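Q: For the sequence shown, UniProt numbering gives the first residue as 1, with consecutive numbering after it.
Among these hints, one or two may not hold up.
Stated by the list, open to error - In the PhoX-like style, the derived pairs of lysine-lysine whose C-alpha atoms are separated by at most 20 angstroms in a straight line are:
#, residue 1, residue 2
1, 66, 111
2, 66, 123
3, 66, 91
4, 66, 21
5, 111, 91
6, 123, 111
To be verified - Pair by pair, the computed Cβ-Cβ distance ranges are:
#, residue 1, residue 2, range
7, 188, 136, 22 to 32 angstroms
8, 83, 115, 12 to 22 angstroms
9, 134, 198, 37 to 47 angstroms
None of these hints come from the bench; they were simulated from the model.
This structure is a prediction, so every number in the text was calculated from the model and none was measured.
Note that the Cβ used here is the ideal one computed from N, Cα and C, for glycine as well.
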Amino acid sequence: MRIFSRRYIDGVSNSSLKQHKCNLYERFLPLHNHLHGYMRNTKAAFQLAYEVCFGSFRPYKRSQVKTVVILITDGNWNWPWQDPSPVPTAKRLYENRVEVIAIGIGPGVYKYNLLQLVQDSNKQAFYLQNFDQLRELSFHIRRDPFGTQLQPVERSNCNNLCDPIAHCACHLVYAHYWCLCPEGFEGSGTVGQCHRLQGKKKK
1 MRIFSRRYID
11 GVSNSSLKQH
21 KCNLYERFLP
31 LHNHLHGYMR
41 NTKAAFQLAY
51 EVCFGSFRPY
61 KRSQVKTVVI
71 LITDGNWNWP
81 WQDPSPVPTA
91 KRLYENRVEV
101 IAIGIGPGVY
111 KYNLLQLVQD
121 SNKQAFYLQN
131 FDQLRELSFH
141 IRRDPFGTQL
151 QPVERSNCNN
161 LCDPIAHCAC
171 HLVYAHYWCL
181 CPEGFEGSGT
191 VGQCHRLQGK
201 KKK
């Protein structure tokens with residue numbers, strides 16, 4: 001029986017400046033209309049993650065950065081019937097210095113399975129009641145004092161509302177498009193709302 005998994009969003013093999021969090025958010029929102037059923041092939045998903053980290057997808061992965069695999073699940077797996085466990089592949093990942101984070105969502109999370117997938121259950125396994133809590137967790141994880149939170153994108157993403165001297169950017173925490181005034185200006189960044197900063201007055 002063939003083991004398979006389906007990729008709804010691929011931001012690795014087709015890497016470009018258009019692959020940012022705002023773009024991911026736009027493609028992720030409609031998925032709730034398609035993700036139905038009772039089959040959970042977590043094993044194949046981890047095999048695909050391993051392929052991204054160490055197989056044919058590896059040339060597309062950024063080097064010299066920490067690699068993290070995040071699983072969002074109800075904690076159950078049941079496919080393929082004979083051997084559905086993803087635990088051996090998860091272990092191979094973290095033994096090769098890939099951090100595995102398991103996030104269980106919903107009141108019926110099978111916690112025992114989640115704990116088997118991570119190396120440190122106190123720091124890498126989370127139990128959340130709903131997706132609102134997941135949003136709060138993602139804000140906490142992404143806050144990086146050494147990293148930028150804004151990525152310039154095409155002006156059309158801001159519906160051409162930006163001032164001619166401003167540019168459009170994706171906020172990498174909130175996944176919203178923002179108009180940004182250039183350095184030396186302040187304001188909302190929309191048309192007519194970029195004003196040159198005034199010099200500080202001497203006391």
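Q: Work down the list of hints and note, for each, if the structure agrees.
A: Against the structure, the hints:
1. 66 / 111: violated, 26 angstroms
2. 66 / 123: With Cα atoms ~16 angstroms apart, residue 66 and residue 123 stay inside 20 angstroms; holds.
3. 66 / 91: holds, 17 angstroms
4. 66 / 21: holds, 18 angstroms
5. 111 / 91: holds, 17 angstroms
6. 123 / 111: holds, 14 angstroms
7. 188 / 136: 22 to 32 angstroms: holds, 26 angstroms
8. 83 / 115: 12 to 22 angstroms: Given a distance of about 19 angstroms, which is inside 12 to 22 angstroms, the answer is holds.
9. 134 / 198: 37 to 47 angstroms: Since the Cβ atoms of residue 134 and residue 198 sit about 43 angstroms apart, the hinted range of 37 to 47 angstroms holds.
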